[in-house]
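S.K.: Using the sequences plus the hints, can you model the full thing?
Okay, here's what each chain looks like letter by letter:
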Amino acid sequence: MIDEAQEAGASLAETWRDPRNHPLRRLLKDNRAALGSLGVFATMLLVFLIANPRVFTNWTLYSSVFTTLPVAIFLTVPLVFIVTVGEIDLSFPSTMGFAAWAFALVVHAGYDPFLGFLAAIVVGAALGAFVGALVVYANLSSLIATLGMNFVLRGIIQIFTEGKSIAMVSLGDTWAFKIFSSEVYGVPVQIFWAIAFTIFSSLLYSRHRFGAHIHMVGDNPDSAAQMGVNVNRVRVKAFLFVGVGAAIAGVFSTMINFTWWPTAGDGYLLPVLASVFVGGTPTWGGIGTVYGGAIGAMTVSFIQTGIVGVGLSGFYVQFFNGLIIILSLIGHRWNQIRYR
Amino acid sequence: MSGRVIELRDIKKSYGNVYALGGVDLWVDEGEVLGLIGDNGAGKSTLIKILAGAVRPTSGEILVRGQPVSGWNAARSREAGIETVFQDRALAVQQSIVRNIFMGNEIANRFGFLDTAREFSEANRLMREIGFTSKVFTPHSIVGQLSGGERQGVAIARSLYKKADLIVLDEPTTALSLTETNKVFHFVRQVRDSGRSILFIGHNIHHVFDIADRFVVLDRGKVALAKKRDELQSAEELIGFMEHVARPDARAKADLGKGGWR
Chain F
1 MIDEAQEAGA SLAETWRDPR NHPLRRLLKD NRAALGSLGV FATMLLVFLI
51 ANPRVFTNWT LYSSVFTTLP VAIFLTVPLV FIVTVGEIDL SFPSTMGFAA
101 WAFALVVHAG YDPFLGFLAA IVVGAALGAF VGALVVYANL SSLIATLGMN
151 FVLRGIIQIF TEGKSIAMVS LGDTWAFKIF SSEVYGVPVQ IFWAIAFTIF
201 SSLLYSRHRF GAHIHMVGDN PDSAAQMGVN VNRVRVKAFL FVGVGAAIAG
251 VFSTMINFTW WPTAGDGYLL PVLASVFVGG TPTWGGIGTV YGGAIGAMTV
301 SFIQTGIVGV GLSGFYVQFF NGLIIILSLI GHRWNQIRYR
Chain X
1 MSGRVIELRD IKKSYGNVYA LGGVDLWVDE GEVLGLIGDN GAGKSTLIKI
51 LAGAVRPTSG EILVRGQPVS GWNAARSREA GIETVFQDRA LAVQQSIVRN
101 IFMGNEIANR FGFLDTAREF SEANRLMREI GFTSKVFTPH SIVGQLSGGE
151 RQGVAIARSL YKKADLIVLD EPTTALSLTE TNKVFHFVRQ VRDSGRSILF
201 IGHNIHHVFD IADRFVVLDR GKVALAKKRD ELQSAEELIG FMEHVARPDA
251 RAKADLGKGG WR
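Protein chains in written order, with the working numbering: chain F, 1 to 340; chain X, 1 to 262.
Accuracy of the hints is not assured; some may be wrong.
[Stated by the list, open to error] Below are the DSS-like pairs computed for lysine-lysine, each with C-alpha atoms no more than 30 Å apart in a straight line: (1) F/Lys29 to X/Lys135; (2) X/Lys12 to X/Lys228; (3) F/Lys237 to X/Lys162; (4) X/Lys135 to X/Lys12; (5) X/Lys49 to X/Lys163; (6) X/Lys162 to X/Lys49.
No lab work stands behind these hints, which were simulated from the structure alone.
M.R.: Structure, rendered in structure tokens:
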């Protein structure tokens, strides 16, 4: 018995003698794009650190970035799924605002913020599924249809609120606030939730049936359909996931400010979109990287803080923002072999 | 005792008043490679689609292991163990061999998380079964790195995982070099030796002659020739027949004029 097993093991190793099969080597290869993004981020931080060591060795700067960065991560990571499946979603800023609105209304009415969180996720998931169903079953271009939905949803918010914000002064005393929006030994808890979300999403992406189907549909929808994958349902689920991510982002962002504004989420559209591609997920679908996306969000978040921290005026922010996006894209182009 | 995996009796298919198939009798025995040859428009692709259950025949009977099956469709075709490998749209080229083999049939726990260790060993077993092994790639390699013949190997391994009794290969060697074609032949022979059947469809008569145990030539929706390997002297005999088919005589032209077939 033992001999047999050993023999099988030996011949297995002999058949696949490729050094690329070494687990460590494979780990590096599989995470090539993410490691590239990490390289970009590390280089950028190093430049900042050399330019102004006093500011960039100060924890306050990191603490403030780690409070707001998670909002971008909750938006960027699900977008990696949508880009991998071969679609795009530009409606997430309004979905974020809409879900946070639900959270604010529930909390403002005197209910527990946990209930508000749940309401936000239900609203976010429903809106995501609706946008997805619209794109998939009406066979629309997701680029244009989701752009339209972004305006429609924001329009609905503005019609009903007439531009009025909702303040939640009592939020700071609740358990939910302690769990989602306080500090542990000086570290903002938001970043732990963002890390947990990223790890969970990465497992979903590369170790779960859902992620496997996302890859298949993005790579070759005809083949996936022939193999019994419900291609349309996978696409709608990807949109639904973006809605859930947007809802979480909305709640976290509202908890930081104690206030919900009708414009909540508006400023995230372009930076988050850029983060996905800076992170190393290509535009053509079928492949991508969740960790890369999170690192891309980190890079984009640090650019603004970094430029000002280095001592340049705010007028330089846009220029360097663009420069880093372009340089990252060129880097990923070299780092990736394109099979289709 | 070899039974018939599937048998088509007097299958007709018409689109409007245009006949794509005009009464085809065809069967595949257990553990044989049946070569299906025919020019463009001979009805090969209609026949494949009928076998896969994607197209319903206008009339005729389909028997699975001798039992007539009513309401033939894609699900029945799958139940009968028929897997079709279409030439260019079968694989997701940016994914690994493992992911392609288990496409749509992932081995996962009840929460949907993949059992990657079991998938690897199962992929390893299937690839060995058809002699699809190498020292330059592994089951984790990306399909885009493989050659054309090796990609057919991935598709065949996948069909075996889906417990196929009959694998329909739609022009698997059409765009391949000689070496690559030989690889595909190697996989096909391994599958046959394991007792399963292959329907090998091709343009290139030499390729089909080299691999098949029996030949069926389809011409304008009908079986023009059905011969066993040992009834033929050489590929030239088949080619001669095909040339005869390709240059229809006056009577065939008259048939065409009447607008019956195509």
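S.K.: Please go over all the hints and tell whether each is borne out by the structure.
M.R.: Cross-check of the supplied hints:
Note on F/Lys29 and X/Lys135: the hinted pairing holds, with a Cα-Cα distance of about 18 Å set against a maximum of 30 Å. Restraint check for X/Lys12 and X/Lys228: satisfied, since their Cα atoms lie roughly 24 Å apart, inside the 30 Å limit. Taking the CA atoms of F/Lys237 and X/Lys162, the gap is about 26 Å. The hint holds against a cut of 30 Å. Distance hint between X/Lys135 and X/Lys12 is unfulfilled; the C-alpha atoms sit about 48 Å from each other, more than 30 Å.
For the proposed pair X/Lys49 and X/Lys163, the alpha carbon gap of about 20 Å is at most 30 Å, so the pair holds. Between X/Lys162 and X/Lys49 the alpha-carbon distance is near 18 Å, which keeps this suggested pair within the 30 Å criterion.
Going down the numbered hints, you'll see the structure goes against just number 4.
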